[in-house]
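*Asks:* If you want the building blocks of each chain, they are given just below.
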Amino acid sequence: MTATYDFDQLLESVLQASGPQTLPASVVDTALLTARTIRQRRPLLPALDRRAWPTPRLVPSSPTSLAMIVLAVLLVLALLAVGGAVGTRLLDQTHRGPEGPVTSMRPVASSPSSDAVVAPVVQTPPPSLPVDPNGVFSALSYSTFRLTCREPFRLDLTTGVSSSIGDCHDLVAPDGSSVGHRGPTGLVLSTQDGSSSVPVDTPQDAYPMAWSPDSRWLVWTAAEDPTDRPTVAGIVSADGASQVRLPTPDAAWETPSWSPDSSRVAIATSGGLLVGNADGTELRLIGSYPAPLAWAPGADRFAYVFGGDLWTVNADGTDPTNMTRFKHGGAGPVAWSPVGGTIAVMQGRTLWFVDLFGGRHGLDLGMDAASGVSQLAWAPGGGTLAVAVGVDPTSAIDLVSSDGSKVDRVADANAPTWYPGGQYLAFRALDPGASGVGIVNADGSGRRTWKVAGNVSVLPMSWIR
Amino acid sequence: MLVDRALVEQAQHGDRDAYEALARASARRLYLTAHRIVRDVDRAEDAVQQTLVAMWRELPSLRDPDRFEAWTYRLVVRFCLEESRRARRTGVREIRIEETEPARPDAFAAADLRDQLDRALAALSPQHRTVVVLHHYAGLPLAEIAEILDVPYGTVGSRLHHATRALRAAIEAHERVGISEGQPA
Chain A
2 MTATYDFDQL LESVLQASGP QTLPASVVDT ALLTARTIRQ RRPLLPALDR RAWPTPRLVP
62 SSPTSLAMIV LAVLLVLALL AVGGAVGTRL LDQTHRGPEG PVTSMRPVAS SPSSDAVVAP
122 VVQTPPPSLP VDPNGVFSAL SYSTFRLTCR EPFRLDLTTG VSSSIGDCHD LVAPDGSSVG
182 HRGPTGLVLS TQDGSSSVPV DTPQDAYPMA WSPDSRWLVW TAAEDPTDRP TVAGIVSADG
242 ASQVRLPTPD AAWETPSWSP DSSRVAIATS GGLLVGNADG TELRLIGSYP APLAWAPGAD
302 RFAYVFGGDL WTVNADGTDP TNMTRFKHGG AGPVAWSPVG GTIAVMQGRT LWFVDLFGGR
362 HGLDLGMDAA SGVSQLAWAP GGGTLAVAVG VDPTSAIDLV SSDGSKVDRV ADANAPTWYP
422 GGQYLAFRAL DPGASGVGIV NADGSGRRTW KVAGNVSVLP MSWIR
Chain B
3 MLVDRALVEQ AQHGDRDAYE ALARASARRL YLTAHRIVRD VDRAEDAVQQ TLVAMWRELP
63 SLRDPDRFEA WTYRLVVRFC LEESRRARRT GVREIRIEET EPARPDAFAA ADLRDQLDRA
123 LAALSPQHRT VVVLHHYAGL PLAEIAEILD VPYGTVGSRL HHATRALRAA IEAHERVGIS
183 EGQPA
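Protein chains in written order, with our numbering: chain A, 2 to 466; chain B, 3 to 187.
By construction, these hints were calculated from the structure, which means they are not laboratory data. Errors might be hidden in some of the hints.
[Unchecked claim] Computed spacing ranges between beta-carbons, pair by pair:
id : chain 1 : residue 1 : chain 2 : residue 2 : range
1  : B       : G16       : A       : T351      : 45 to 51 Å
2  : B       : D114      : A       : S289      : 25 to 31 Å
3  : A       : P25       : B       : D117      : 24 to 30 Å
4  : A       : N323      : B       : A171      : 20 to 26 Å
5  : B       : D66       : A       : R285      : 44 to 50 Å
6  : A       : G367      : B       : D66       : 47 to 53 Å
7  : B       : E174      : A       : T282      : 34 to 40 Å
8  : B       : G16       : A       : S289      : 50 to 56 Å
9  : A       : D320      : B       : R76       : 55 to 61 Å
All of these numbers come straight from a predicted model, not from anything done at the bench. For each residue, glycine too, the CB sits at the ideal point set by N, CA and C.
Just chain B, same shape as in the assembly (with noise of 0.2 Å):
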């Protein structure tokens, strides 16, 4: 997504216009970018609507405009921690409940990898959950997210390195059943 500065700068300065159109603009993404963070619909609205208000209000803070997207995901990450940690307490999980279509016999296997994976990604915990999500979908490379969490770079390198262990060996655990099950390859 391409910001304009001076969009940013008029909202910085107290534009509502201005803040209202960065809201509307960024909303979807920092939504979708939450949404895989907590894994819950309902908390990922939460964390995006503490975002956006902390948007409006945190907004003169920002040094410099062109960093507005990077903000709004160290923004969006920090709400969204907050909701984990909430969700850990109360120990709300989210079950959902889906219709699917009938899938082919050949379609078995993928999807059943991709539902694994999906399920590994459920088990990480919040902050490796995070740099995966940061890393591999909102396209953010290392330094960049060392820099949203606030944390060393090998730290980031080393969430993400854990992380990819883990999902991996979580299919590679569930190929494994496969063969003994004798399920196609």
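The following block holds chain A by itself, in its conformation from the complex (with noise of 0.2 Å):
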């Protein structure tokens, strides 16, 4: 029998004609009953969202409503001049323990195309970044996202204020030099100041993919029917100068996987993994790995998940070598120390070190890993392994010492991020009734959060100048 039907057509009428077709009317009548008995959630500052809400009115409806606030006020009054004393002292403790101050809500600055806005709780010093070889790190770069935009943005650490940087899709270098957007006849490179703009030979439909770690090189795809998936990508230089185009036909692109080093990218595509360098040069289809990928530090071998064991294998994909042999699989997210011995991979609720000959040690990061690990990142000295546990909104974020001899909690937090030389940890802050962005030391103390407007993306931020 030949393919004589039409797959998608034949998809959607399966689609359409599994399951039921209607619903109970006792479904829908139970939610409404209870919906009844519940309250709706107010953002805590509702005015100040001004495309949702209308702007407060200050004056009271009636004398009466009038009378209770200034008789609320007057009483707070009398409360704070009874207690002033301990209640300074109790603020006092609130906000500084004893490594200085634990929680900053600064303001953040609305931008004309973003509704960025928070209100001032504290003001406290900015964190004292450390100076990288490659210069100070004094701003992160972030993205929200609403339905059919994500947008980034960049939170200026020392002065506490969030500014657009980009439109819709658009993706910045992790370096914040440059910005990869939808032009009209399509890709567009910019400078981040929006000194010069730089037009890449595209389809129109083409979507920044992702930066190399050192923002030199960035992967594009695009589907050439909008409707389709990704059937063409390419890889260009950040200045734009140089453009090669990928030459898998029909290539669906997860997101690459770049070396630590830059110097070696891995892009999944229907004829399988193309592995070749950052410039585009010496790509060569090397078989079929599962996304995504961790590379070893030096970019001569990368470790992936296969079977729910963890294995390895060359660039070339050469020696594949099974690195767990786990009796009943299981293998999860896998990170490869950036001081090359060890491979860390999550199996259920363990975390296992393991190192190149298959020698392991596991520790058990308990029920929150038991709902889901998302995400390992390993500290630039790879002293450090942090574990995103959990599901949003019980998120947190372990901080594991490389021997497994220490952990340490960032409650309410995802989406770990370090500071190019390891001082800090960035991360999605998920503090009740204020997400934003928030950092901590490389120890886990010292939580700073800032509250910006708008939904963060789990999307990886990035240490920016």
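With the hints as a guide, bring both chains together as one complex.
*Replies:* So, in structure tokens, the structure goes:
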């Protein structure tokens, strides 16, 4: 029998026909009854979101409510007067722990294209950011997502001011120097300050996919039919001078995996994994490997999960090696230590440190890990591993020393991003009522949080200058 | 489904009648989508009920009322994936027993093909099946699915590609068996 059917049509027809076509009214009625017993969750500062809420009325609607407000204010003042000294001490303890400021809620400026607004709560000194060999990274780039729009922002940690640095789907280079964005005829590369823009020869629907860690190269992808999957991709240098169109037709592109030194890139395609140099030269299909991959620091080998086990293989596809041979499989996220000798891999709630000879030791991270680990991130020196455990809204980051002897927890957080020198960890903060962006010291102490407008994406943020 | 923006705004400001009108108008669409993701009547009903309750509770956080429909997809997908995780833990599987009309001989091949595709859909991971359902059933473009799932655009494309490849492979394997068993073309 030959394939005489239209696959998409057949699939849509099967989806249409499968399952019930009606919903019992009792299901909706029960939900509505439940909803009647529940209050709506209002944003803490709804008046600040000018698009969703009307300007608050400063004048109460009736003399009765005015009197009640005045009474409430007087009552609060009286309480403060009585307990002033105690209150002052308590407030001081709340915001200043033994090692200095614990929580910082800074004002975030509203930019013309954003609705980033937040109330100033406490003014605290900025973090004392260390000098990395490449300079001081005093800002974070992060994204917020709204339906059909993911927008990049820059949060200046010294001033607490957040500003939009691009439009929907723009992708900012890790060092913040360049932005890849969608132009009217295809991909456009711009400097962050907008002083120069270079169009790239791409289909109209091209998206920026992934910058190399050194911000010199960008992988883009495009669907020639905007309603279909991506089929075309390329690599372009940040200045647009070097462009390579990737050779495989009908490519479906997982987010590319760059080696830590930015020398090599691996891209999943329909024909297998395409591995080559950062500039798009010497690309070779080396067979099928499931994404995501974790590169060795020397870019000569990478790790991946297959059949429930951790495997490593040379970058040319030779010498695949099963590193774990778990009895029941179940290997999950994987990360190769930046100092090379150890690979971290999750298996259920257990974090394994696997050495290159197959020896390993494990650490039970508890029930939060059992519900899901989304990311493993080694600190640059390889001494600590950040493990994002749990699912929203109960996510946390466990900071585990490489010998497994110490675990510190950063609560209400995910998407760990290390400072280039390893002294700080930035994260997506999920503080109740004040979600945004936060940083802690490498040992998890000294938490500072900046509330920002919008939903911060779980996509990686980066430290920028 | 065209949703009245004013109705959404009223519901956002606590108007329960407006919310109930929205909930009733959205429930079937959400249920049919949920069932195709979780493939179980009870779990789809649970996911829809949770979605409708969350819709009321979270409506004030919806920034753009015009995006109501896509926002409800985000909610229902979230609860579907939670239900799927729960199903994996408890190992519950739905077994559908249906009466079917006797098929005509020339309908065997087509029905068999559809059945094979349906089984291949069931074998996909919930994440891959979600992308297939949102794209091929709900008719959403990949960019919108990427935002609903909060994953990169390329990841959606990749999931769709791998899911499609798995579905095609299942059909092709079935066809090869059909040829070897001498089934009619």
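*Asks:* All hints are to be evaluated individually against the structure, with a verdict given for each.
*Replies:* Checked hints:
1. Take G16 of chain B and T351 of chain A: their Cβ atoms lie about 47 Å apart, and the range 45 to 51 Å holds.
2. For D114 of chain B and S289 of chain A, the Cβ-Cβ distance of about 29 Å falls inside the hinted range of 25 to 31 Å, so the restraint holds.
3. Checked against the hint of 24 to 30 Å, the pair P25 of chain A and D117 of chain B passes, with Cβ atoms roughly 26 Å apart.
4. A hinted range of 20 to 26 Å for the beta carbons of N323 of chain A and A171 of chain B is consistent with their spacing of about 25 Å.
5. At roughly 45 Å, the beta-carbon separation of D66 of chain B and R285 of chain A lies within the given 44 to 50 Å, and the hint holds.
6. Taking 47 to 53 Å as the suggested C-beta distance range, the pair G367 of chain A and D66 of chain B does not conform, at roughly 39 Å.
7. Between E174 of chain B and T282 of chain A the CB atoms are about 35 Å apart, so this pair conforms to the stated range of 34 to 40 Å.
8. Taking 50 to 56 Å as the suggested C-beta distance range, the pair G16 of chain B and S289 of chain A conforms, at roughly 53 Å.
9. Evaluation of the 55 to 61 Å hint for D320 of chain A and R76 of chain B yields a failure: the beta carbon distance comes to about 43 Å.
The earlier numbered hints that this structure contradicts are 6 and 9.
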